[in-house]
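**Q** The lines below spell out each chain.
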Amino acid sequence: MTLPRVLVGADGTPMTLDRHRDQHGDLPPSGSRLVDEIAAAGLRGRGGAAFPLSRKLDAVRRGRRTPVVVVNGCEGEPMSSKDRLLLSALPHLVLDGAIAVARAIGADEVIVAVDELNPRTQDTVAWALTQRPEIRRGRLRADVAAIPGGYVSGQESALVQWLNQGPAKPTPPTPRVTERGISRRPTLVSNAETLAHVALIARHGAQWFREVGTHEDPGSTLVTLSGAVERPGVYEVSHGATVSSLVTAAGGLTERSRAFLVGGYSGAWLDMSQARQARLSRAGLAPFSTRLGAGIVVALPERSCPVAEATRVAGWLADHSSGQCGPCVNGLTAIADALAGVRRGDGGPAGLPWIARWCQQVTGRGACAHPDGAAGFVSSALRVFADELTDHAQHGPCDACHAPPVLAIPPTLATAAH
Amino acid sequence: MRLVVDPIACDGHGQCAELLPERVTLDEWGYPMIDDTEIPAALEPLARRAVRACPTLAIRLRAAQDNERRGR
Numbered sequence: 001m002t003l004p005r006v007l008v009g010a011d012g013t014p015m016t017l018d019r020h021r022d023q024h025g026d027l028p029p030s031g032s033r034l035v036d037e038i039a040a041a042g043l044r045g046r047g048g049a050a051f052p053l054s055r056k057l058d059a060v061r062r063g064r065r066t067p068v069v070v071v072n073g074c075e076g077e078p079m080s081s082k083d084r085l086l087l088s089a090l091p092h093l094v095l096d097g098a099i100a101v102a103r104a105i106g107a108d109e110v111i112v113a114v115d116e117l118n119p120r121t122q123d124t125v126a127w128a129l130t131q132r133p134e135i136r137r138g139r140l141r142a143d144v145a146a147i148p149g150g151y152v153s154g155q156e157s158a159l160v161q162w163l164n165q166g167p168a169k170p171t172p173p174t175p176r177v178t179e180r181g182i183s184r185r186p187t188l189v190s191n192a193e194t195l196a197h198v199a200l201i202a203r204h205g206a207q208w209f210r211e212v213g214t215h216e217d218p219g220s221t222l223v224t225l226s227g228a229v230e231r232p233g234v235y236e237v238s239h240g241a242t243v244s245s246l247v248t249a250a251g252g253l254t255e256r257s258r259a260f261l262v263g264g265y266s267g268a269w270l271d272m273s274q275a276r277q278a279r280l281s282r283a284g285l286a287p288f289s290t291r292l293g294a295g296i297v298v299a300l301p302e303r304s305c306p307v308a309e310a311t312r313v314a315g316w317l318a319d320h321s322s323g324q325c326g327p328c329v330n331g332l333t334a335i336a337d338a339l340a341g342v343r344r345g346d347g348g349p350a351g352l353p354w355i356a357r358w359c360q361q362v363t364g365r366g367a368c369a370h371p372d373g374a375a376g377f378v379s380s381a382l383r384v385f386a387d388e389l390t391d392h393a394q395h396g397p398c399d400a401c402h403a404p405p406v407l408a409i410p411p412t413l414a415t416a417a418h
Numbered sequence: 419m420r421l422v423v424d425p426i427a428c429d430g431h432g433q434c435a436e437l438l439p440e441r442v443t444l445d446e447w448g449y450p451m452i453d454d455t456e457i458p459a460a461l462e463p464l465a466r467r468a469v470r471a472c473p474t475l476a477i478r479l480r481a482a483q484d485n486e487r488r489g490r
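Chains U and S supply the protein sequences, listed in that same order.
Quick note, the first sequence lines up with residues 1 to 418 if you use my numbering.
Quick note, the second sequence lines up with residues 419 to 490 if you use my numbering.
Incorrect hints may appear among the rest.
Quick list of the computed label-pair ranges, beta carbon to beta carbon [as the list claims (entries may be wrong)]: (1) U:Asp26 with S:Asp453: 52 to 60 Å; (2) S:Glu462 with U:Gln360: 28 to 36 Å; (3) U:Arg141 with S:Pro473: 39 to 47 Å.
Calculated from the structure, these hints are not laboratory results.
C-beta atoms are modelled at their ideal positions from N, C-alpha and C, and glycine is treated no differently.
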C-alpha cells in the first residue's frame, strides 16, 4: 500500500540500468499474457485521455503487420513536467514498459518521442537505450525522435503523422493509428508514465496494482502540482486522493488562493470549496466537469487575476489550434478575442453569453479533442470567475491584471517542418 | 444511418445544410453543425444527395455507431 511506486529512487540524476535492476529486479519475460494482466489491472492512459491501454493493445495485435511502439514523452501541457521527470530520472522504468509491451504484441521497434526543445532528455533516453541488452543484441530496434513543441503535436495521430514525415497535425479519426500508423503498421502510442506503470504490472501483477486507487481508477498516478504551494513538483498519489491531501503533502498553501486549475489547459477551474471536496479520479472530478488529464493541479493565489490568467491561456489555446478544422480555428479565435475584450472592458458584459455559446458550439466538432478541451477550460472560467469577469467587462483591467502570470504561456513557434 | 463530417476535409461550402436542413445547420462561420441522430428512411435519398453534393467529400453516411472519438 506504500507510495511512491513509480517515483521510487527518482533523484536528480538519471538512474543507471544496474541501479534500476537493484531497485525493481529484472524485467520478467512477457508474452501476450501481459495484455490480459494490463486489462485486469484496469490501467488507463496517463497522457490525458485516460483510454484503457489493454484496448489499444488488443487493436494493435489484431493487425496483420508487425507493430511499432511509440513512447509519447512530448508532454505538450505547459504545467506538466512528470513525463520529463520520468524520462530524465527513471528512463529504464519507461523503457521496461515499452519493451514489455513490444514483446507482448510482437513489435520490433520502439520510438521514444520527446519535445525537440528538450535535448537533455533526448540525450538521457539515448544513453539509457545503449545500456539495454534487448536492444544491443538487435532483437528490437529503438530510437529517440525529436518532436516539434506545441500543444497538439503530441496528440497521438499528429505524432504518428510527424514520424511518417508529415506535418505534426492530427489526422481524421479513422483509420486509427492502432490499425495504420508508422509506415502503415499497427502502432501503439502510449504515454511515458503509462508505460512506467506497465513495467511494474509486468513484475507485480494486476492485483498488486489495484491495491491502491479506486475500483474504476486503480493504481497510483503522477501529478504536477504548482502555483501557491510550499513545494511545487511532481507527486505520486493514489487515484481518489483528495486535492487537499496533495496540497498538504506539498507543505500547504503559501498564501490565500482563489481557485484550483485541475487537468491543465484542457481541464477546469474549481473554486476553493469545490477544490476541498474534489478527489483525483474520474468519478471524483466528474461533478466539476473535468478530469485529471495529464495530472495537473495548479493553485491560483488571490493576488493573481483569474480573468487575466484565463484570457492568456485561451489566446494561447486558440494559437495552438493546428488550423485544420473550421469550428476550432474560428470558434477558439472568437472565444479568445471575446475574452480579451471582456478583460479590457470593451463592450460590457454582453460578450459573456457569446463566449458560453461558442464554447458549447465548438465541442465535439474537431478531428481531435483540442476544441473540446479549450471550451471546457473557458466554460469553467465563466462559472467560477463570473463575478470577476462581469467586473472586468464593466470596469476594465484590475490591479492584479499586471501580476506575473502563474499559468505558463510557452512561446508559440513557427510551424516546424522536416 | 447517421451523418458524419470529416472536419479536416470540410471547407464550409454549406451545400449539406442547403440540401438537408433537417439534419444540418451552419454556424456563424458557415461550418456544418450535424444532428447525428438516425436518419429515417424517408430522408435517406436527400441525405445521399447531400453527401454527393459536398465538393470536398467531407460528409458521409455511416451505419453502425462506431465513431468513437480519439484522445489527444
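**Q** Could you run down the list of hints and mark each one as holding or not?
**A** Hint check results:
1. Between Asp26 (chain U) and Asp453 (chain S) the C-beta distance comes to about 56 Å, which sits within the given range of 52 to 60 Å.
2. Distance hint check for Glu462 (chain S) and Gln360 (chain U): the Cβ-Cβ separation is about 29 Å, which falls inside the suggested range of 28 to 36 Å.
3. In this structure the supplied range 39 to 47 Å holds for Arg141 (chain U) paired with Pro473 (chain S), their Cβ-Cβ distance being about 43 Å.
The structure fails none of the hints (numbered hints given earlier).
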